[in-house]
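**Student:** Now for the letters of each chain:
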Amino acid sequence: MSATTVETIPYEKLGRPIRGPEALTDDWRRFWHLTFNIARTEWKLKFYGSVLGYFWQLLRPLLMFTVLYVFFTKVGHFGTGAAAAVGGPEHFYPAMLLGSIVLFTFFAEATSGAVRSVIDNEALVRKIQFPRMVIPLSTVLLAMFNLALNLIVVFIFAFADGVRPMLSWLELPVLIGMLAVFATGLAMLLSALYVYFRDVSPIWEVITQILFYASPVIIPFDEVQQKLGPTLQHIYMVSPLATVFEQFRHAVIYHAAPRASAALGGNLGLLEPIAIVLVTFAVGFVVFNRTAPYVAENL
Amino acid sequence: MPRPAPDGTGSLAIPADTEGLPAIVVRGVSKTFRVPQERKHTLKERALHPRSRTRHQVFETLSDITFAVQEGEFFGVAGRNGSGKSTLLKCIAGIYGADGEIWRRGRVSTFIELGVGFNPDLAARDNVVLNGIMLGLSPREARKRYESVIEFAELKEFEELKLKNYSSGMYVRLAFSVAIQVDADILLIDEVLAVGDAAFQQKCFDVFRDLQDQGKTIVFVTHQMPELQRFCHRAMLLERGHMVHIGDPKEVADRYLELNFGRDPEALGADGARGGDGDARVLDVWVEDEKGERQVAIPQGQRIALRALVHFMVDVEDPQASVQVHNAEHKPVLVAASWRQHDHSGRFRAGEHAKFSFAFDNVLAPGRYSPVVDLAHRGAGLDVIDRYEHGFSFVVTATDAQGGLVDLPTEVTIERVDAGVAAEITA
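Line order of the protein sequences matches chains E and G. So in the working numbering, spot 121 of the first sequence is number 661, and the numbers just go up one at a time. So in the working numbering, spot 250 of the second sequence is number 1335, and the numbers just go up one at a time.
One or more of the hints may lead you astray.
Restraint ranges, calculated between C-beta atoms of paired labels, are given here [stated by the list, open to error]:
#: 1; chain 1: E; residue 1: Phe576; chain 2: G; residue 2: Leu1394; range: 26 to 34 angstroms
#: 2; chain 1: G; residue 1: Ala1208; chain 2: E; residue 2: Ile696; range: 32 to 40 angstroms
#: 3; chain 1: G; residue 1: Asp1206; chain 2: E; residue 2: Val819; range: 17 to 25 angstroms
#: 4; chain 1: G; residue 1: Ser1223; chain 2: E; residue 2: Ala822; range: 27 to 35 angstroms
#: 5; chain 1: E; residue 1: Ala796; chain 2: G; residue 2: Leu1133; range: 49 to 57 angstroms
#: 6; chain 1: G; residue 1: Ala1208; chain 2: E; residue 2: Lys614; range: 16 to 24 angstroms
#: 7; chain 1: G; residue 1: His1126; chain 2: E; residue 2: Val826; range: 43 to 51 angstroms
#: 8; chain 1: G; residue 1: His1318; chain 2: E; residue 2: Val819; range: 51 to 59 angstroms
Hints were generated in silico from the structure; no laboratory data involved. Every residue, glycine too, gets a C-beta built ideally from N, C-alpha and C.
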């Protein structure tokens, strides 16, 4: 047997040295398998052992819907103006409300679930080498699974309410895509920040609450429009959530409802919320990517 | 004993074939942790004291480590707690980023801890598949291997059980079985053998032998010196982040014991910390199987011998040795003394060596045993020369345990008796 010494190792032949832990990977198949299976496991755990699991999961948006519907239609008299303005039937309001609640639930689940995700998976982060981005992405994916189930109910509900299939339903994937990209950006940002600042969690809860009321979930945009000045109106609609919800009403539930672009002053106006989504995603990605190598040490 | 200079870059021979590059090369790797003395965990604190800088304490856990592991080599890393061995493993695994360069060739599987990512609310199958994926298998591969995993873990009958209802032993068995089912060219193993009962440990040993035969490259972190010596082709010793020694596992083990117990095999006479008058020293204690081979794990039923090597510092007349073999509960299960059979052992001169052997039929119950050897002058037995303990332990394995302290050969017969005879017996 011949012998080499550490000095005689042909270092130049070794290629590239390994890098430390990273957010992403070269092995995208493994990345996807991991993300998918972690999300799937969580999802399974939620429903496991209870036949009613699915219904429990539906119960939250449905209860919220019932409370809000009763309160705002019977007490607050919202939802009538929209219909009145365009002369359509009032009864699409419930379907719109439920749809928006379900979309917002997705957004809230994905982001607030991601906040603690890196810390909750501490054991994995410290002991297994894998692309760190898997963790926030799997929480978003988990929320997607729930969204898919909830949307089924929304469609049944809408159908019962008199909504009929239309070509603009094809816009739905784009809308969900936009919402998902926005949520993913925030998920990356929040989960990275939470490692360093533990009060991100309560702060984000408050912000989620604000976003709920600051988006056209309960009150359709055309009713808000009557009460806000042009500047406030613009701020209100420039939020990607508002854009998605408003366009959802128009494209999926009730074609007579105004388009999101109408509220933003034309199709070019759509660029603003889209830019917000992309910037959020980019910032989230950069922050997460920067912190990923040190997460295992800073937990 | 020749001792190469404890510098990481010395001309240390690494067995290699001229063709292959090393499987792992670590060059000038250092790792420092900056631990803030007062940690700010919230944005509020940051906002309230925007100017105050957090003072950091810097720990250098690894300092300029350079070594290479050849393909197919079984490489041991020894060191005390906090010496940096786990950190080194995590750096090689890519869990920590470090200064310096690390190259790896081939697929790596890391087991820092068994059962990471197991979910207690899921049954074995889901956990095995998920864990397999985490360790780098594709879902299809992971599902395909499930049967062999569960079989190896001997948990077929418990596969429907949720993991939270598993005993800790079952849990570990399952985790280990998953870990070894993962194909990898390089395995990084951190003290996973410290778990499981003796029978399962034996099984793990067999697996390691297999892996060795398959030509896998293995880096093995341990502080069990018998295991280190038994498996590793080469080893290194870390102490406070520095590489103190690299080379033959036996040398590493000696250096380790020296660091750990302040015991220097070369200068034992000067060691005052040990009991006894120091006229002689017990250098080594070991167990041999019936073929006369040194073992750390021995199946029940063989005739085995416990031996102690003694080095005399001064002339000693009729020295006597006694041995107590303690089980895991620190109860002596076997006590034997040389003076029962050899009242006069003879005269030994300064510088001479002697080997004391205690041979017995191994009826010990499966488990871990640690022998304590006392060397004394002839007489009351209180005149102790040296005592050897904590240095060595061995494992007895058996296919099934009867439950007693020892499993004495027992002949069982059953016969029918008449009522009359029965009455006679009870009367």
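**Student:** Now tell me if each hint is right for this structure.
**Tutor:** Checked hints:
1. Phe576/E to Leu1394/G: 26 to 34 angstroms: 59 angstroms, violated
2. Ala1208/G to Ile696/E: 32 to 40 angstroms: 33 angstroms, holds
3. Asp1206/G to Val819/E: 17 to 25 angstroms: 39 angstroms, violated
4. Ser1223/G to Ala822/E: 27 to 35 angstroms: For Ala822/E against Ser1223/G, whose Cβ atoms are near 31 angstroms apart, the range 27 to 35 angstroms holds.
5. Ala796/E to Leu1133/G: 49 to 57 angstroms: 52 angstroms, holds
6. Ala1208/G to Lys614/E: 16 to 24 angstroms: 48 angstroms, violated
7. His1126/G to Val826/E: 43 to 51 angstroms: With a Cβ separation near 23 angstroms, His1126/G and Val826/E fall outside 43 to 51 angstroms, so the hint is violated.
8. His1318/G to Val819/E: 51 to 59 angstroms: 55 angstroms, holds
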